[in-house]
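**Student:** Now for the letters of each chain:
2 protein chains.
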Amino acid sequence: MDSESFRVCGKTVVDYIADYMDNIRDRPVLSSVKPGYLYELVPPEAPVKGEDWKTVLADVENIIMPGITHWNSPQFHAFFPTGNSYPAIIGDMLCNGIGSIGFSWIASPACTELEVQVMNWFGKILDLPKEFLNESEGPGGGVLQGSASEATFVCLLAAKDRTTKRIKALDPSMTDGEIKAKLIAYTSDQSNSSVEKAGLLGSMPMRMLKADESGRMTGPILAEAMAEDIARGLIPCYVVATLGTTATCAFDCLEELGPICNENDIWLHVDAAYAGAAFVLPEYRHLMAGVQFADSFDVNLHKWLLVNFDCSALWVKNATYLVDAFNVDRVYLKHRYQSQDPQVPDYRHWQIPLGRRFRSMKMWFVLRLYGVEGLQAHIKKQIHLADLFGKLVNQDPRFEVTTVTMGLVCFRLKGNNDWTKNLYERLMASGQIYLVTATVRSKLVIRFVVCSRLTEEVDVQFAWDEIRGQADRVDSERDVAPASICNGLSGAWPKDKVDCEELTAATPIVVKSLTQG
Amino acid sequence: MDSESFRVCGKTVVDYIADYMDNIRDRPVLSSVKPGYLYELVPPEAPVKGEDWKTVLADVENIIMPGITHWNSPQFHAFFPTGNSYPAIIGDMLCNGIGSIGFSWIASPACTELEVQVMNWFGKILDLPKEFLNESEGPGGGVLQGSASEATFVCLLAAKDRTTKRIKALDPSMTDGEIKAKLIAYTSDQSNSSVEKAGLLGSMPMRMLKADESGRMTGPILAEAMAEDIARGLIPCYVVATLGTTATCAFDCLEELGPICNENDIWLHVDAAYAGAAFVLPEYRHLMAGVQFADSFDVNLHKWLLVNFDCSALWVKNATYLVDAFNVDRVYLKHRYQSQDPQVPDYRHWQIPLGRRFRSMKMWFVLRLYGVEGLQAHIKKQIHLADLFGKLVNQDPRFEVTTVTMGLVCFRLKGNNDWTKNLYERLMASGQIYLVTATVRSKLVIRFVVCSRLTEEVDVQFAWDEIRGQADRVDSERDVAPASICNGLSGAWPKDKVDCEELTAATPIVVKSLTQG
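Going down the list, the protein sequences come from chains A and B. Going left to right, the first sequence walks through residues 1 to 517 as the working numbering numbers them. Going left to right, the second sequence walks through residues 1 to 517 as the working numbering numbers them.
A portion of the hints provided could be inaccurate.
Here are the computed distance ranges between Cβ atoms for each label pair [claimed, not checked]:
| hint | chain 1 | residue 1 | chain 2 | residue 2 | range |
| --- | --- | --- | --- | --- | --- |
| 1 | B | Ser136 | A | Glu178 | 17 to 25 Å |
| 2 | A | Gly233 | B | Lys165 | 48 to 56 Å |
| 3 | B | Ala231 | A | Asp127 | 52 to 60 Å |
| 4 | B | Ser442 | A | Thr175 | 28 to 36 Å |
| 5 | B | Lys168 | A | Thr12 | 38 to 46 Å |
Hints are computed from structural coordinates only; laboratory data are not their basis. These figures come from a predicted structure and were not determined experimentally. A virtual CB, placed ideally from N, CA and C, is assigned to each residue, including glycine.
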């Protein structure tokens, strides 16, 4: 493809994307394809001769689109939002157009320095303690990671290195291996799966402490677990506190956890992947009280802040720990200005991979084109829409609303979990809206999240009408069938393995079998 | 930004990118900014009100471009290429426009299935053993990782898990911790820095074995090291062989290493990040002889195969090992078709992060718009251009050419390293072309790589004219100054820490100080 074809093709694709967004309500949010659908449509071998771009673009519509789950549809209410906006798309086009790999300052000075600067911008927007900013006197700073998963993991490794050196200094007779074998990490059972995975990746047992009734990890919960482990000869090393858990958007008690971690030289990482975005609004910042105790803090711009995946903002109070854990310098990577001056960081030492995209470009476009007020308005509106949905559900006496917070509503049909499960399966079979479930203290709930930036009140009403309509059908079934349709199902579904687990993404057949049950 | 503004802005940016590529020779390949330049130009706070896109786009030209190292300039000959092409940019625009997050099949079926299919395409293009393909009967398959760094690391973790279970089965009295503390990995001292880093990240000692005179890790080298370690009570677990080392593009002897690994149940990972691309041409496939012994194989499409970063193709013979090492399932991630059927993999278990971009889209565009013949022509041309450069250097009796292979030429001025260092500093001070150095068996060499897809014979001639011209200046200095200008410099530069290391990215002042020396 030469420049002239690119000009034509690129502009066609710009229109295609705009048309896609303008008409996204016309597409079913959930794909109805069956596994393997694409292998019938895409030949088993790559073409020998190059093809025309028009053919490929037509295949995007005909082959790809039927298999897309539309994350940016206003009918998408599953998981948490994925960031998406026109300014981010523009910024990423430029990132690709320039195509530099900013692993060190010299490899593209603008790539490093823009990242430093927008991380300072964003840290100030959230009102983070200034020790986290690159512009502070100290060794703190911000860096863009690919995901909160990576942020949690790199901080675990830094914590491991820091603790190993500290213990070694206290007891030089211990080997590094002996020390590392005793290290232990903590999080709550409500933290994201990526936190547990970080423990697996980093070979450090990650204790999943049972959260309190509100889904929070508290000081006493942590203190008790630590005391047990210390008595067993283990060394507490790393704590991951969540601000905004995945299931119910609960906030761990940073003000209680922080002093415990600080007093015991334990690295405190704050995973605010989703809810951290709300701190652009001063009225929600009380929820991060205690952040001054943290060693690291992460929030995904690619979730609730309109930047396309991947763009996860991580700040650390002392970047030296990251650099010490990861630094493997080679001749071909050396350059004149090499230093760990936070003003000119060599970001390759702050992350897992060597290479890195010019991610700050899309973030810069979003921050400038929206402005702080634009971001605040976005978050405010999404919280408002979720509140509205919560009110609608609350007005229906068949339902119980267990959570309304930060753009998330968790609800269920009153009574046995089976009815909520039945409702959920009908919703999935109908496919008008996309939701996922969670189990909270053995209660099955359906999570409703305002995900798309295109969601309006009319979409919230649409979702509620659909849910209410399906609940009517459940009601009619309640009259003829016992609550426990599937043998062996209990309140613990779907955590326990049961045959009915197969039904979580439903088809008409599934509903039929349930109706027959 | 609404849809209408995006249509206008997006098309302007398409033209901006095309103009940038069309006129890239007008821009100096290396930025001449000083550290911190951008902090003077970008205000310390984000704007409160949203700005106009025209203002931001003007700032891209005025603020960002001066700080860009132009990786796609035909005068860029440093490191290895970074993939960049119009089809890839188009594909990534669509990836962002759709904006789905394909962590599981249901999260976007097309995202998973297109990745399966293009990985099969690409595996066949390279003529990989079919056990690596998703379409084989067995548990093998391909997956896109963000980088070769991540590929090396995830395979290390899978190897660790596999070996731990194996040893545990042999000796149930050993704890996992005891086993893991004995595991050891091997690579050569010529492997990429990311391999050493994988050892750090995964808490497994990575022995950097001294390569032979040709820069290769051979069977005897590995066997000797393993025997030493086994005698010390350690358990060999993981070997990373490189096809195309960073310094000199050497190829480890897979046919010797493979049987040793297989006989000893050691995971053999092949890092063909750069040179693996050349296997699109049958005439180079003898260089991967022995690949059938490997457990995993990685090549970066984002290096030499025209796909924008990030896009690293990893195949494994048995994906179960990855899944076993990483699987942390939660209710909110469950879906009906969940399985580890290689036809419908849940790719989140094959990688570090939970989230993932629709990376296969850009790969699909590149494979279809270039076709296999287009990719072959690209690699052929780049190898030809490097060969041409090698011939030019060889014709000058002042120079010694140490490597000409696969688009890479390593050369030096005959004699003491200081003259090559002096030449390199002059080249960097002049800034007409960008190169990096390497130290090979204590000889300093300058690496010349054909990086940009825009490079033509005229650019190779330009580079050679510049190098020859700067060599003339070194010659004139040879007449007046002793070879060892910098006290303490020896043949080992720049591996040893010396003051002169500060001179690797030069300015006129540096050259002056050298001339005065």
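**Student:** With reference to the structure, classify each hint as holding or not holding.
**Tutor:** Going through the hints against the structure:
The hint said 17 to 25 Å for the Cβ distance between B:Ser136 and A:Glu178, and at roughly 43 Å that hint is violated. Distance hint check for A:Gly233 and B:Lys165: the Cβ-Cβ separation is about 26 Å, which falls outside the suggested range of 48 to 56 Å. Judged by the Cβ atoms, the range 52 to 60 Å given for B:Ala231 and A:Asp127 holds: they are separated by roughly 59 Å. Restraint check, B:Ser442 to A:Thr175: a C-beta distance of roughly 33 Å satisfies the suggested window 28 to 36 Å.
Taking 38 to 46 Å as the suggested C-beta distance range, the pair B:Lys168 and A:Thr12 does not conform, at roughly 57 Å.
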